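Undergrad: Listed in order, the protein sequences are those of chains F and C.
Going by my numbering, the final residue of the first sequence carries number 169, and the count climbs one at a time with no gaps.
Going by my numbering, the final residue of the second sequence carries number 228, and the count climbs one at a time with no gaps.
Straight-line distance between alpha carbons at most 25 Å, and here's what the computed DMTMM-like set of lysine to aspartate or glutamate pairs gives:
hint, chain 1, residue 1, chain 2, residue 2
1, F, Lys155, C, Glu9
2, F, Lys36, C, Glu9
3, F, Lys7, C, Asp23
4, F, Lys54, F, Asp10
Example chain C residues on the side facing chain F (calculated, C-beta under 7 Å, incomplete):
hint, residue
5, Arg12
6, Pro19
7, Leu29
8, Arg31
The following label-pair restraints were derived from C-beta to C-beta distances:
hint, chain 1, residue 1, chain 2, residue 2, range
9, F, Arg57, C, Glu159, 29 to 37 Å
10, C, Ser208, F, Ser130, 55 to 63 Å
11, C, Gln94, F, Arg57, 47 to 55 Å
12, F, Glu58, C, Ala27, 24 to 32 Å
13, C, Leu91, F, Arg56, 55 to 63 Å
14, F, Ser130, C, Arg41, 39 to 47 Å
15, F, Ser130, C, Pro188, 48 to 56 Å
16, C, Asp23, F, Arg57, 21 to 29 Å
I should point out that these hints are in silico values taken from the structure, not numbers from a laboratory.
Keep in mind it's a predicted model, so treat the numbers as computed, not measured.
Glycine is no exception: its CB is placed at the ideal position from the N, C-alpha and C atoms.
Listed here are the chains, written in short residue letters.
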Amino acid sequence: MRRTSEKDGDFTEFVAERRPELVRLATLLVSGDAAKAEDVVQTALTRIYLAWPKVRRETATAYARRCVVNAAIDERRSLFRRREQLSAQLPDVAATETPHQDGDLAVALLATLPASMRAAVVLRYVEGLSIAETAAAMRCGEGNVKSQSARGLQKLREQFPARTQHVFP
Amino acid sequence: MPDTPDVIEALRNLPPAAPASPDIVAADLERGHRAVTARRRRRLALSGAAAAVITVVAVGAVRFGPPATSPPPTASGTSSATVRLTLVDYLGDQPVGFKVTTVPQGWTVTSSDPSAFVVAPPGVTVASPRPGAPVSVQHQIMVSLRASTTFPAQTSTEEVDVNGRPGRIGHPLASATELSDTTWLMFPDDAGHTVQVQVPASTNLTESQIVRFAGGITVTGQARPIGG
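Turn these sequences into a full structure, and let the hints steer you where they fit.
TA: In structure tokens:
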């Protein structure tokens, strides 16, 4: 067990170093909503702090990623109950003049995937994790990761050209 | 895959999140502290509401009858006191290996050996204890002499003065992750061993009363530490 001062020092150092990438991951998992992503990261970091005495430094990043995924899925579930409505149609995405319009479009398409499928695609292809690492982060089997990520990828593949044409005629 | 790499590439090329400022990191740490405090409160509330766990320890065989001069039982002398006890001079038989001068009113030494003794409220007796046989100390105070013992690392303790000796008061673990509501007070004897006073929450003794009770304990030459 680490003492409180040592624990706080380690945790502070970890947060300062890793927070930006956790925010980025959360942003993708919650479909680009920055405020929601911040909520997710705060929730995840609180859970990490509670478990910090038992977290090994070498696995802390993987554990943090798992907490962010869980918090994002939890957030999505609670928001789904409160606000979201299912729709068979893809949401219209306004064309923007920002230099990241492809990214915005990709995020909007990502949002059409179910939460666990989205997590599989993000962790596997955007974050570049292995199947085993993705399975650990999502706390599911490797077979599930393979099928979710493959189906997610296929959906993006089907939608991206159509959306590109629609948004940027 | 003509298009998918573009989608993934677009996601990968999103601008990175801004570095975390010290204020944001400090706020994360503060939320962590609050969560720890909240969890501790929840666990203490749960453990207080849960049924008392019987603590069984090996305490020896000397059995004491009620002392001839023991004070009359009081309403507070039940096994689960709900009324604050008062401490009085102890006039009953002394335990083996220790001398006790102060006990909760009506309480007596019911069992002892050279390493430990038990102080119990009126009505609690030890039925024919055998040497080395386990004795329940539920709702009772147990004092033991230990060669070496410490609080669990998870426990935050407070320093107290036990008749001029530096003591520490805190709680043992109820499980791997939860603190018990039982109180431990530890202080050194003259030989450098540790006297451990274990007081269940059901006795309703305050910390200052526990310190006063501990201050009335003297380890004699007959005492033998456990584990030493």
